[in-house]
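**Q** Here is what each chain is made of, one letter per residue.
There are 2 protein chains.
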Amino acid sequence: MASHRAHFRFSQRAARTTEQPIGYLMAAALEQPGLISLAAGLVDYPTLPSDEARALFDELLAPGPDAKAAMQYGTTEGFAALRHAILDHLAALDGLTPEQLNASADDLVITTGSQQLLCLLTDVLVDPGDIVITEWPSYFVYTGVLRTAGATVRCVDMDDQGMRPDDLERVLADIAHRGELTKVKIVYVCDYHQNPTGLTLSRERRPAILDIVRRYSAEHRILLIEDAAYRELTFAGPQLPSIRTFDTTNEYVALLQTFSKPFAPGLKTGYGLLPRDLVEPVALLKGNHDFGSANLSQHLLLRAMRQGIYQRHVRLLCGHYGTKAAAMTDALRDTLGDYHPGQTRWTMPAGGLYVWLTLPEGTDTGRSGALFSRAIAEGVLYVPGEYCYNADPTRRAPTNQMRLSFGTARLDEIREGIARLARAVKSF
Amino acid sequence: MASHRAHFRFSQRAARTTEQPIGYLMAAALEQPGLISLAAGLVDYPTLPSDEARALFDELLAPGPDAKAAMQYGTTEGFAALRHAILDHLAALDGLTPEQLNASADDLVITTGSQQLLCLLTDVLVDPGDIVITEWPSYFVYTGVLRTAGATVRCVDMDDQGMRPDDLERVLADIAHRGELTKVKIVYVCDYHQNPTGLTLSRERRPAILDIVRRYSAEHRILLIEDAAYRELTFAGPQLPSIRTFDTTNEYVALLQTFSKPFAPGLKTGYGLLPRDLVEPVALLKGNHDFGSANLSQHLLLRAMRQGIYQRHVRLLCGHYGTKAAAMTDALRDTLGDYHPGQTRWTMPAGGLYVWLTLPEGTDTGRSGALFSRAIAEGVLYVPGEYCYNADPTRRAPTNQMRLSFGTARLDEIREGIARLARAVKSF
Numbered sequence: 012m013a014s015h016r017a018h019f020r021f022s023q024r025a026a027r028t029t030e031q032p033i034g035y036l037m038a039a040a041l042e043q044p045g046l047i048s049l050a051a052g053l054v055d056y057p058t059l060p061s062d063e064a065r066a067l068f069d070e071l072l073a074p075g076p077d078a079k080a081a082m083q084y085g086t087t088e089g090f091a092a093l094r095h096a097i098l099d100h101l102a103a104l105d106g107l108t109p110e111q112l113n114a115s116a117d118d119l120v121i122t123t124g125s126q127q128l129l130c131l132l133t134d135v136l137v138d139p140g141d142i143v144i145t146e147w148p149s150y151f152v153y154t155g156v157l158r159t160a161g162a163t164v165r166c167v168d169m170d171d172q173g174m175r176p177d178d179l180e181r182v183l184a185d186i187a188h189r190g191e192l193t194k195v196k197i198v199y200v201c202d203y204h205q206n207p208t209g210l211t212l213s214r215e216r217r218p219a220i221l222d223i224v225r226r227y228s229a230e231h232r233i234l235l236i237e238d239a240a241y242r243e244l245t246f247a248g249p250q251l252p253s254i255r256t257f258d259t260t261n262e263y264v265a266l267l268q269t270f271s272k273p274f275a276p277g278l279k280t281g282y283g284l285l286p287r288d289l290v291e292p293v294a295l296l297k298g299n300h301d302f303g304s305a306n307l308s309q310h311l312l313l314r315a316m317r318q319g320i321y322q323r324h325v326r327l328l329c330g331h332y333g334t335k336a337a338a339m340t341d342a343l344r345d346t347l348g349d350y351h352p353g354q355t356r357w358t359m360p361a362g363g364l365y366v367w368l369t370l371p372e373g374t375d376t377g378r379s380g381a382l383f384s385r386a387i388a389e390g391v392l393y394v395p396g397e398y399c400y401n402a403d404p405t406r407r408a409p410t411n412q413m414r415l416s417f418g419t420a421r422l423d424e425i426r427e428g429i430a431r432l433a434r435a436v437k438s439f
Numbered sequence: 012m013a014s015h016r017a018h019f020r021f022s023q024r025a026a027r028t029t030e031q032p033i034g035y036l037m038a039a040a041l042e043q044p045g046l047i048s049l050a051a052g053l054v055d056y057p058t059l060p061s062d063e064a065r066a067l068f069d070e071l072l073a074p075g076p077d078a079k080a081a082m083q084y085g086t087t088e089g090f091a092a093l094r095h096a097i098l099d100h101l102a103a104l105d106g107l108t109p110e111q112l113n114a115s116a117d118d119l120v121i122t123t124g125s126q127q128l129l130c131l132l133t134d135v136l137v138d139p140g141d142i143v144i145t146e147w148p149s150y151f152v153y154t155g156v157l158r159t160a161g162a163t164v165r166c167v168d169m170d171d172q173g174m175r176p177d178d179l180e181r182v183l184a185d186i187a188h189r190g191e192l193t194k195v196k197i198v199y200v201c202d203y204h205q206n207p208t209g210l211t212l213s214r215e216r217r218p219a220i221l222d223i224v225r226r227y228s229a230e231h232r233i234l235l236i237e238d239a240a241y242r243e244l245t246f247a248g249p250q251l252p253s254i255r256t257f258d259t260t261n262e263y264v265a266l267l268q269t270f271s272k273p274f275a276p277g278l279k280t281g282y283g284l285l286p287r288d289l290v291e292p293v294a295l296l297k298g299n300h301d302f303g304s305a306n307l308s309q310h311l312l313l314r315a316m317r318q319g320i321y322q323r324h325v326r327l328l329c330g331h332y333g334t335k336a337a338a339m340t341d342a343l344r345d346t347l348g349d350y351h352p353g354q355t356r357w358t359m360p361a362g363g364l365y366v367w368l369t370l371p372e373g374t375d376t377g378r379s380g381a382l383f384s385r386a387i388a389e390g391v392l393y394v395p396g397e398y399c400y401n402a403d404p405t406r407r408a409p410t411n412q413m414r415l416s417f418g419t420a421r422l423d424e425i426r427e428g429i430a431r432l433a434r435a436v437k438s439f
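First to last, the sequence lines map onto chains P and F.
Taking this note's numbering, I'd label the letters of the first sequence as residues 12 to 439.
Taking this note's numbering, I'd label the letters of the second sequence as residues 12 to 439.
The set of hints was computed from the structure by calculation and includes no laboratory data.
Some clues are possibly wrong.
Label pairs and their in silico Cβ distance ranges [as the list claims (entries may be wrong)]:
#1 F/Q250 / P/T29: 39 to 45 Å
#2 F/D178 / P/P74: 23 to 29 Å
#3 P/D117 / F/D99: 53 to 59 Å
As a list, the in silico EDC-like pairs of lysine to aspartate or glutamate whose alpha-carbon atoms are at most 16 Å apart [unchecked claim]:
#4 F/K194 / F/D168
#5 P/K79 / P/D138
#6 F/K79 / P/D138
#7 P/K79 / F/D62
#8 P/K79 / F/D55
#9 P/K194 / P/D138
#10 P/K437 / P/D375
#11 F/K437 / F/D423
#12 F/K79 / P/E291
Glycine included, C-beta positions come from ideal geometry on N, C-alpha and C.
Construct the complete structure from the given sequences, taking the supplied hints into account.
**A** Written as structure tokens, this is what we have:
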């Protein structure tokens with residue numbers, strides 16, 4: 012019976028799980044020395060708080076019970092003291108007390124980055140064929156989760172104020188009209204300095220989006236995932252309240268944040284404040300995944316928060332990324348400001364790591380297009396905009412856009428990278 | 012349309028995901044001061060290498076590029092330098108070179124503990140209704156993964172030499188006879204100092220088990236998961252070769268190990284050496300989960316391995332756990348040696364953290380039974396054996412067994428805990 016040629020027979024989930032196109036981009040960046048990557052969503056190297064972490068580990072791991080506790084297994088839902096500190100922090104970001112936010116530390120789950128929580132929330136709610144609603148465009152790693160889950164994705168237009176409530180209403184009404192409202196499980200919004208566009212949901216739209224989700228939650232509750240990964244990296248404009256603050260009964264919104272962007276990705280620690288009745292299902296599934304994310308990271312982060320080191324670092328980063336963002340948008344103005352005015356435009360982020368560039372209609376920014384190759388030849392890498400659009404059966408993705416990140420590139424690299432990009436663009 | 016009473020509608024996976032009974036036990040342990048827990052699978056506190064980690068972090072995070080790299084995002088499959096070090100380590104454990112093992116660093120994936128890899132491997136292979144074969148009894152956290160995946164579980168008898176090849180053959184022949192061989196995706200074996208029994212698969216049976224899996228892999232390949240989490244904690248007897256060494260073409264065996272048991276659970280880092288054609292599907296799914304486990308932990312572990320600190324620590328642990336295991340089996344002999352001889356027996360582990368105690372037929376060790384309550388009243392906690400049996404539709408789980416761990420309890424607590432347990436047992 013033996014046959015060394017027999018193949019593994021993969022699950023349906025595995026069959027739906029496809030390569031993230033960004034993987035190719037990262038590999039390309041490593042292969043060509045001198046290439047300036049404006050593609051990677053990594054954070055800035057020089058500002059990574061390694062000195063701070065070193066001092067904190069020195070304290071944490073000094074002989075005593077704390078040291079041993081940090082090296083032992085933690086709990087599935089995460090270190091309780093850190094969850095309390097996070098709760099206070101989240102409430103403070105909204106200018107509230109935890110009581111005013113109607114939240115407790117028991118509503119928080121700590122995960123391996125906020126990505127794991129996106130995955131867990133989707134897995135506990137979405138069966139194949141269920142519908143998830145996202146922005147158009149949206150965060151492409153979540154796109155991978157949705158594909159694996161077998162979700163049908165419907166998308167909602169954005170403008171300079173973020174997701175458009177009128178279009179969300181239109182999409183939901185259309186779904187209801189088709190008799191498929193029972194399939195809608197999640198509305199996903201990256202509402203601060205969105206990945207990939209850098210756009211932020213305006214103050215006025217925050218309760219409006221929630222209100223629509225609530226109104227369409229007749230037969231069952233639709234979860235509104237508020238992905239606030241870039242929230243704390245707000246370097247300009249007002250600090251907007253979370254959508255969660257308007258969900259005063261704590262029923263509809265899962266507010267997801269992370270320590271990766273505002274502190275250090277190497278600790279791989281994210282978290283979410285969840286409607287109470289989602290905590291147990293999420294924790295049970297996480298029990299299967301890993302029964303708890305790295306405990307040592309969590310103990311370190313508690314010290315960083317308690318000593319104000321975390322908060323100080325966030326302030327430093329905001330100044331830093333503000334300068335880098337300005338360098339990028341200034342460079343775009345200087346090099347592409349006169350290129351098909353009105354047809355060439357870019358976002359002016361008030362935070363986060365991204366600028367979204369739109370080129371004249373007919374430009375093909377795709378990986379197999381001439382511009383992408385030309386940009387590589389010039390020595391600059393970007394993320395083709397098409398990767399950021401989910402496969403909505405009712406829509407066709409634009410092909411004339413790109414995501415530019417000022418995360419890792421130095422100031423001089425940002426200027427030089429944009430100059431190279433502009434040369435590539437203008438060569439057509 | 013609004014209704015604040017609407018519930019979330021959970022996925023089928025969530026509906027299959029149930030509470031781990033061990034959660035209750037852990038909570039019970041915390042609630043009763045003075046309770047000696049022989050239930051927890053945690054590792055020994057005093058030996059946790061916090062001093063070593065402190066010194067290593069001091070080096071790693073000293074100003075320089077290594078510090079920044081460790082604080083940045085890593086890669087989905089894990090830090091390449093650590094994968095190379097692990098490869099050398101795995102080969103050395105089998106007394107081979109990586110070439111002799113027919114393995115490369117590209118065949119290794121680093122995960123959030125080996126638990127995450129159990130979850131990923133199951134998810135890429137198992138659809139609801141597919142069959143997974145485990146030992147009888149087996150590791151109960153993996154049971155949770157199998158329930159969520161919707162797997163049908165068939166179990167194979169063990170004896171003092173571990174999983175019985177003749178029973179594996181019988182089970183597979185029975186499945187084939189029913190025409191269900193196409194559903195068999197995984198054979199799961201915890202082959203060193205098994206959780207929960209402490210039993211080890213004998214030298215002779217290692218190639219025999221693999222041979223059976225190979226012979227039944229006619230229509231598609233069956234994956235043999237070799238869970239070697241406790242392998243390095245071998246404190247007595249010979250170092251047995253991995254089953255993987257007999258899979259010379261690297262096609263059938265996924266060899267899973269971890270840094271949690273032999274070094275520190277707080278780093279939450281495990282890994283697996285996989286058949287080449289499983290690496291990509293696993294990495295793609297892990298891309299959805301978290302696109303990489305905590306990078307800082309991985310950088311620390313590389314230094315611990317390169318400087319021999321890891322290896323030295325493993326030797327220290329082996330001596331330590333050997334002493335604790337002897338304390339437990341000695342205490343069992345002293346307190347239960349005369350209790351229904353022949354009907355009361357326990358395993359004599361050569362490694363790991365567990366002793367498996369069998370009491371006379373008719374004893375009920377279950378959580379709702381009188382013995383469990385009596386043991387709690389005496390001040391000792393154990394894991395009821397019934398939790399360690401998968402729901403095999405063709406079998407009925409024994410109710411007269413328990414798992415005893417010498418992981419966290421001190422020597423005096425082990426002796427006192429067993430004395431309390433013996434009093435509870437003898438009170439009936």
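**Q** Taking the beta carbons of F/D178 and P/P74, is their distance inside 23 to 29 Å?
**A** 50 Å Cβ-Cβ, so the 23 to 29 Å window is violated.
**Q** A range of 53 to 59 Å was offered for this pair. Does it hold for the Cβ distance of P/D117 and F/D99?
**A** Since P/D117 and F/D99 have Cβ atoms about 45 Å apart, the given range 53 to 59 Å is violated.
**Q** Between the alpha carbons of F/K79 and P/D138, is the straight-line distance 16 Å or under?
**A** Roughly 40 Å between the alpha carbons, so the hint for F/K79 and P/D138 is violated.
**Q** Do the alpha carbons of P/K79 and F/D55 lie within 16 Å of each other, as the hint requires?
**A** The given pair, whose Cα atoms are some 9 Å apart, holds under the 16 Å limit.
**Q** Between P/K437 and P/D375, is the straight-line Cα distance small enough, at 16 Å or below?
**A** Holds, because 13 Å separates the two Cα atoms, which is no more than 16 Å.
**Q** Per the hint of 39 to 45 Å, is the separation of the Cβ atoms of F/Q250 and P/T29 within bounds?
**A** 41 Å, holds
**Q** Under the criterion that the straight-line Cα-Cα distance not exceed 16 Å, is the pair P/K194, P/D138 satisfied?
**A** 9 Å, holds
**Q** Is the Cα-Cα distance between F/K79 and P/E291 16 Å or less?
**A** 36 Å, violated
**Q** Regarding the pair P/K79 and F/D62, is the alpha-carbon distance no greater than 16 Å?
**A** Holds, because 10 Å separates the two Cα atoms, which is no more than 16 Å.
**Q** Take the C-alpha atoms of F/K194 and F/D168, compute the straight-line distance between them, and say whether it is at most 16 Å.
**A** 21 Å, violated
**Q** Taking 16 Å as the top limit, are the C-alpha atoms of P/K79 and P/D138 close enough?
**A** 41 Å, violated
**Q** Mind checking the alpha carbons of F/K437 and F/D423 for me, to see if they're no more than 16 Å apart?
**A** Outside the cut-off at roughly 21 Å; violated.
In summary, the numbered hints that this structure violates are 2, 3, 4, 5, 6, 11, 12.
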